[in-house]
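As a plain string of letters, each chain reads:
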Amino acid sequence: MGNFIKDRKPQDDPWTPYTGLEDVDNLPTGDVYVPFEEWQSQKEALKLRNNRLGVILENTDDVAELVPDFDRLDLVVLQFPKMADGRAFTQAKLLRERYGYTGEIRAVGDVLHDQVFYMQRCGFNAFEMRPDQDIPTVLHAFDEMTVTYQPSADEELPIWRR
Amino acid sequence: MTLQVYTASLLKEGLVAYLCIDTEGSYWSTDLNKAATAETDQAETLKSLAEQAERENIVIAAYAVDVELTENGTRPLENRERIRAYGPTITLPQSSDTKQAIVRAA
Amino acid sequence: MYQYSQDDHQLLQERVSQFRDQVSRRLKGDLSEDEFKQQRLRNGLYLQLHAYMLRVAVPYGLLSSEQMRTLAHIARTYDRGYGHFSTRQNIQYNWPKLEDVPKILDDLAAVEMHAIQTSGNCIRNTTSDPLAGVARDEIADPRPYCELIRQWSTFHPEFNFLPRKFKIAVSGAIHDRAAVAVHDIGIRLIKKDAGELGLEIYVGGGLGRTPMIGKLIRDFLPPHDMLTYLEAILRVYNKLGRRDNLYKARIKILVHETGEEKFRELVEAEWQEVKESKLRLRDEDIKNIQAHFKDPDYENLSDFDSDFDKELISDPDFAKWADNNLELHKQDGYRVVYLSLKSKNQPTGDVTADQMDAIADLADKYSHGAIRSTHRQNLVLSDVRLKDLHSLWGELKTLDLATPNYNHLTDIISCPGMDYCALATARSIPIAQALTERFDTYDYVNDLGDISLNISGCINACGHHHVANIGILGVNKKGVEVYQITLGGSAREDASIGKIIGPAFTADKIVQAIADLLDVYLENREDPEETFLTAYRRLGPAPFKEKLYG
Ligand code: SF4
Chain A
1231 MGNFIKDRKP
1241 QDDPWTPYTG
1251 LEDVDNLPTG
1261 DVYVPFEEWQ
1271 SQKEALKLRN
1281 NRLGVILENT
1291 DDVAELVPDF
1301 DRLDLVVLQF
1311 PKMADGRAFT
1321 QAKLLRERYG
1331 YTGEIRAVGD
1341 VLHDQVFYMQ
1351 RCGFNAFEMR
1361 PDQDIPTVLH
1371 AFDEMTVTYQ
1381 PSADEELPIW
1391 RR
Chain B
438 MTLQVYTASL
448 LKEGLVAYLC
458 IDTEGSYWST
468 DLNKAATAET
478 DQAETLKSLA
488 EQAERENIVI
498 AAYAVDVELT
508 ENGTRPLENR
518 ERIRAYGPTI
528 TLPQSSDTKQ
538 AIVRAA
Chain C
10 MYQYSQDDHQ
20 LLQERVSQFR
30 DQVSRRLKGD
40 LSEDEFKQQR
50 LRNGLYLQLH
60 AYMLRVAVPY
70 GLLSSEQMRT
80 LAHIARTYDR
90 GYGHFSTRQN
100 IQYNWPKLED
110 VPKILDDLAA
120 VEMHAIQTSG
130 NCIRNTTSDP
140 LAGVARDEIA
150 DPRPYCELIR
160 QWSTFHPEFN
170 FLPRKFKIAV
180 SGAIHDRAAV
190 AVHDIGIRLI
200 KKDAGELGLE
210 IYVGGGLGRT
220 PMIGKLIRDF
230 LPPHDMLTYL
240 EAILRVYNKL
250 GRRDNLYKAR
260 IKILVHETGE
270 EKFRELVEAE
280 WQEVKESKLR
290 LRDEDIKNIQ
300 AHFKDPDYEN
310 LSDFDSDFDK
320 ELISDPDFAK
330 WADNNLELHK
340 QDGYRVVYLS
350 LKSKNQPTGD
360 VTADQMDAIA
370 DLADKYSHGA
380 IRSTHRQNLV
390 LSDVRLKDLH
400 SLWGELKTLD
410 LATPNYNHLT
420 DIISCPGMDY
430 CALATARSIP
440 IAQALTERFD
450 TYDYVNDLGD
460 ISLNISGCIN
470 ACGHHHVANI
480 GILGVNKKGV
490 EVYQITLGGS
500 AREDASIGKI
510 IGPAFTADKI
520 VQAIADLLDV
530 YLENREDPEE
540 TFLTAYRRLG
550 PAPFKEKLYG
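Chains as they are written, first to last, in the working numbering: chain A, 1231 to 1392; chain B, 438 to 543; chain C, 10 to 559.
Hints are supplied without guarantee of correctness; some may be wrong.
[As the list claims (entries may be wrong)] Calculated lysine to aspartate or glutamate pairs in the DMTMM-like style (CA-CA distance at most 20 Å, straight line):
1. C/Lys329 x C/Asp316
2. C/Lys37 x B/Glu491
3. C/Lys201 x C/Asp146
4. C/Lys486 x B/Asp503
Hint data in this document are derived by calculation from the structure and do not stem from the laboratory.
Produce the complete structure using the sequences and hints provided.
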């Protein structure tokens, strides 16, 4: 088992990232996720496949554009190009809360022990941890804090209304 | 050519320290006068020892400081480094019963 | 004061354990310095010139006597016997050891204090009017709104890795004592003629390299919409704020580059999406928090006290202090008392552990156990009876906390500068001390009247020099510390950014230069009622320039 955590458990990752998407017929078999740009240009062809589909967004992509395809998207991958870049938190939160996406939201990039708590609160449920992270200790990080103040993907009401 | 020492902050204490070398090897001291000096072009050994100490989590943020040797000991050329070495230039407030020892290089 | 709930307590305890674990991972080497830095900063721990520095949050400037005693205990036990009150109303310790920090946090948590989000690129401790709840010119008490912002912003999952730090200030009075115009978001509570309460929202103020006055982007927001509106602003900022250049990452640059109008549209559009969300405050949400900030049991007193009046006449030193360091109180028979942290014997804003303990005792004895810190780096006892003022003054004098200089020339704001700060380009405390030494005559300082002089040791401007009537910025010119003067700044409701008057002065010339500027003012003011700032605005820089540079 590698560095992948989903729903708080270490798991094997069934997905294959795919970037060189000239020809839809040449895609690897199984579940693949493709860059947003490719998704937009090829999605009709992609949707004919018999496998699950996902998409990986840049931090500047607007998650609202995925809404019409939610029923065919099982995975949305969001990136942390470096630890300090927090744009994907907003992307995840909007996907889950505003647009009601129920599939997998995955964090990739600089995904570290001390951020997963915030990530899960924003709606991430899958994490490709950076290879140097110690998975057993990371699993504790989800519960390091149990008190939260804000409404978020994991909590409907602010603390003063609970 | 300028004379240099290597300085950093001790990870645990945060205090300013200087890389020193004696017969048994290298160590870090808050006393600038004990610091190992080297000409700029020969400071490679100091540099690699300092970097090693960073990797070993003994110190953080190591870098070279230009110094001169005076009658009163090693003296950094820049004001900022002199303040780092000798402490704040102002009279510090005093309170009774303070437990933390005030250890500074003279 | 806000009383912690069981949840609040638990949150602090969990945070301390989390930080203890982060420290131990760091000491074991499991966490690299780069990554630990992100974590320690979010808990107020910097690495400064000589040592670590721990910044402890004083939420919107409110402290109880018990908390003050804990701060004294920490200063003695883990530090070198003193602390420093900053322009963010927080307190900083200059010498803690990393391995002691979890213990310090334990002690703080026991009295409902912490260092959460006092640094790092997240929403910082909210600041406010140090006279909140007692000011005679108050429109509405800002503290409940500050507390709601504290809860909303603490560990906000979405906004903990912003492009840059984010500071919010709230003021509820006619006079702005919280410098709202120079915050990322400034909020002023106002009332319409009909008495309806609302918020003015300013965005994009700030100092540093590119000083800017905040833009009014909402002129009357219903209080119930405060948090949804903040959420909308922060979301726009988190999405669009620049991350490519540290110096352009603050929201002021985003507002500036986007344009005020367009920025407002973006915020309003986002707000439409969230305004009806669960974050919208209901009447009872506001009332429940307001209940934490009830008045103490004031006695029914007259605003005339014959003993006080006699003391003023019989004791001229007391009268001088009473003249400058008191403020009217909304309750008759009470005054607000400024404790000056600007004595000539101690660096600006510094307080020893002994003083802290004594201040705690005085607060218990004279002011319902409550203490406030101000953004001008003083302390306040907010509820002192007229009849107690003389004895309080006597005790403050022995503690060296009664310099009668509030809002006067020697009430200098000064950042720590190069005596402590790793980013500094010059020292600031010695300059503040030299000025205080030179202008140590009450009559002269009093004659100058209301004036502000602020000093920063580098362009980051923690000493708020841009918004002082007279600002001093220390820079490094070829290895020599030199000091640049700006004139005409203000941090109040008439906020403005000071302008550089000319070439910088060396440390030995700066005090005389300031004396010369003051001469120009004294010679040219229309009457003693005309303040330095008003005179400067009327005269323009020319006569001042002329005097300094011929
Ligand atoms: S203004 Fe500069 S020198 Fe002063 S405290 Fe801030 S960063 Fe340090």
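**Report entry** Those earlier numbered hints the structure runs against, lowest number first
**Finding:** No hint contradicted; all consistent.
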